[in-house]
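Visitor: Go ahead and model the full structure; you've got the sequences and the hints to work with.
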Amino acid sequence: MKTFICFPKDTPPDIETALSELGCEARFIEDADSLNNTEPAEGWLGAIVTVGYNEQKAVDLCREMRNRETPVAPVILVVQPGLMAKLDRLDDLFDECLAENAELQEIKFRITRSIKRFGKNPNSPVISYGPLALNLETYQAIVEKKPLDLTYMEYELLKFLVQNPGKVFTRDTLLTRVWGYEYFGGARTVDVHIRRLRAKLGEEHAGLIETVRSVGYRFGRIHWQV
Amino acid sequence: MSIASNKDQINYVMRTVEERKVRFIQLWFTDILGTPKSFSITPAELENALEEGMTFDGSAIDGFSRVQESDVLAFPDPKTFQILPFQKGNSELARIFCDVYNLDQTPFEGCPRHVLKRTLTKARGLNYNFFASPEIEYFYFAKQDPPGSPQPLDNGSYFELTVADLSSDLRKRTVLALEEIGIPVEYAQHEDAPSQHEIDLRYTDALTMADTIMTVRLVIKEVAQDNNVYASFMPKPLEGVQGSGMHTHFSLFQGDQNVFYDPDAEKFLSETARHFIAGLLHHAHEITAITNQWVNSYKRLVSGYEAPIHISWAHNNRSALVRVPVTKASHPEATRIEYRAPDPACNPYLCFSVVLAAGLDGIQNAMELPKEANNNLFEMSDRELKKAGIRPLPMTLEAALTEMEKSELVAETLGEHVFEWFLRNKYYEWNQYSRHISHYELARYFPTL
Chain A
1153 MKTFICFPKD TPPDIETALS ELGCEARFIE DADSLNNTEP AEGWLGAIVT
1203 VGYNEQKAVD LCREMRNRET PVAPVILVVQ PGLMAKLDRL DDLFDECLAE
1253 NAELQEIKFR ITRSIKRFGK NPNSPVISYG PLALNLETYQ AIVEKKPLDL
1303 TYMEYELLKF LVQNPGKVFT RDTLLTRVWG YEYFGGARTV DVHIRRLRAK
1353 LGEEHAGLIE TVRSVGYRFG RIHWQV
Chain B
360 MSIASNKDQI NYVMRTVEER KVRFIQLWFT DILGTPKSFS ITPAELENAL
410 EEGMTFDGSA IDGFSRVQES DVLAFPDPKT FQILPFQKGN SELARIFCDV
460 YNLDQTPFEG CPRHVLKRTL TKARGLNYNF FASPEIEYFY FAKQDPPGSP
510 QPLDNGSYFE LTVADLSSDL RKRTVLALEE IGIPVEYAQH EDAPSQHEID
560 LRYTDALTMA DTIMTVRLVI KEVAQDNNVY ASFMPKPLEG VQGSGMHTHF
610 SLFQGDQNVF YDPDAEKFLS ETARHFIAGL LHHAHEITAI TNQWVNSYKR
660 LVSGYEAPIH ISWAHNNRSA LVRVPVTKAS HPEATRIEYR APDPACNPYL
710 CFSVVLAAGL DGIQNAMELP KEANNNLFEM SDRELKKAGI RPLPMTLEAA
760 LTEMEKSELV AETLGEHVFE WFLRNKYYEW NQYSRHISHY ELARYFPTL
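These protein sequences, in sequence, are chains A and B. Everything in the first sequence is counted per my numbering, starting at 1153 for the first residue and increasing by one. Everything in the second sequence is counted per my numbering, starting at 360 for the first residue and increasing by one.
Quick caveat, the hints were computed from the structure, so don't treat them as lab data. Bear in mind the structure is a predicted one, so any value in this text is a computation, not a measurement. The reader is advised that the hints may include incorrect statements.
What the hints assert, rightly or not - With a straight-line cut-off of 30 Å between C-alpha atoms, the simulated BS3-like cross-links for lysine-lysine are:
1. B:LYS502 <-> A:LYS1311
2. A:LYS1298 <-> B:LYS438
3. B:LYS380 <-> A:LYS1311
4. B:LYS765 <-> B:LYS746
5. A:LYS1297 <-> B:LYS380
6. B:LYS380 <-> A:LYS1298
7. B:LYS366 <-> A:LYS1298
8. A:LYS1297 <-> B:LYS366
9. B:LYS746 <-> B:LYS658
10. B:LYS476 <-> A:LYS1311
11. A:LYS1268 <-> A:LYS1297
12. B:LYS396 <-> B:LYS366
13. A:LYS1297 <-> B:LYS481
14. A:LYS1297 <-> B:LYS438
15. B:LYS765 <-> B:LYS481
16. A:LYS1161 <-> A:LYS1297
17. B:LYS366 <-> A:LYS1154
18. B:LYS746 <-> A:LYS1319
Claimed, not checked - Some chain B residues close to chain A (C-beta under 10 Å, calculated; not the full set):
19. TYR371
20. GLN441
21. ILE442
22. ARG483
23. LEU537
24. PHE612
Idealized CB from N, CA, C, for every residue including glycine.
Guide: Now the structure itself:
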């Protein structure tokens, strides 16, 4: 999780610099609709909303972020110097604020502190989906807090799938992207490993990996899919 | 070519051992007769073992010793690293399959895994991938110390009322333990004979399946032992009831295409499949010593128990040696043949090697498939069989060895070392057996002669 929502496109350049120096990514959006359909699989790390001229739109976006099923937090508001008093009536819609002309170091401090307050860490090696989590640093996978004892190839396949939820992959694509070395099974190797993964995930979670008839496989869904 | 493993794979194994607090790693390999062998190493020794192999004295292993030098190298294959579902105390236990090499890093010719890899590589040269899916039959018996005669669990008064539950419960636990280590079970059931069970495995490539069979045999035995029961893969432990077979389904693929399937052919059975079966039938008598390697194996291959005794094929005839389940048009990928001779006490690496080699020979020489055997072969007289051109499988280990000894195909497939050692070892077994005076002889002859 390392992607910040930035609104609008003409956010002060120091904000983007600060994010990149902190190892985070900025994704610029113009309206509340993009909130869902540009969300990365692992979710938003937070949002930086510059109030600027289009105050109503910014407020609407903040409200939308608060009211959604998985609220975006922290929300950091950026306002013109001297207009901080405006924020008083928006108190419940943001977690931190910044003046547009704040120096780079201050921006970084405030971003870091507000992320920490929500228990998040942009440099976490953990990727997760529903009950499943993989730690890319220690190569360990857990489902519902119980360790999964995977072989190397099963781990690599699961990692690839969890990093690309909701996408359908053909066997050949999986074979080149995940294996890419000598093997004895050809394209059917993929089927064999998918079955082994499903067995290890157990009956309850085997359905996370779907067979897409005559195409290939899909892991999980992305949020906006019906 | 370096035989050392890929760095990422080694890192994966090392980190997992550390994170999961694995205390011992078992290095697994198989001797020529398919007996699992292993030695345990500690995490401290593991990295070195993965990079340089572990030296051990091969002369301690049946079929591994050679005249001049006896040290060999066990090279772990990190892709096969797996934490096992049996904890020893509080620490995890893991296994890795090994390939055995000579000290100069050339493949050791006595290693069955090499024999199979070599045969699979040959098939891949023809662009074929070979898949196997076995049905493993076995018995549960009451555990006795010292081992006496086999006592089935669900027959007789020994365990009384609860026994049927016990053996089915053991099988269920085994299936769960297998799934936990990523071995999907297609089907598990109680078999015809008392205390006999069957576990059918979903297909994998033949090398993975041979490794898997070694694991499954161990898991079946371990789960039984934890419950004070003895699981046996002996081909025919009880007289008068069915023995244990390992009917195995085989298929050949080119990429995504099952080459046994042809939408335009009769019953969708392709020309390639017909040649493959023809090759298998042509060489069946030569490979029987490998698929059925014990004196006792031939007590299973007798008339009347659904075990094959004649070299024949059919779509729907369970007395045939090769059965070809009819393919549904909706599942062309499932086209396969079922070879019904092997028993679960075979060496799966060698068994798959000779079956594949026989089939490939059929393809390469475009062998003609004989007529399908539609009658129940058990009911045909010897004369009728002869007229139909149906030959019997070897009826004893000795007969099978005699056929194998004459076989170029088996010699080439196994390689000189395995071929010669196997024959020597098995003739010795036959000679030992020949000296034995059986209960049958005493009961039959002693009172009258």
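Visitor: Can you list which hints this structure breaks, lowest number first?
Guide: Numbers 1, 13, 16 and 18, in rising order.
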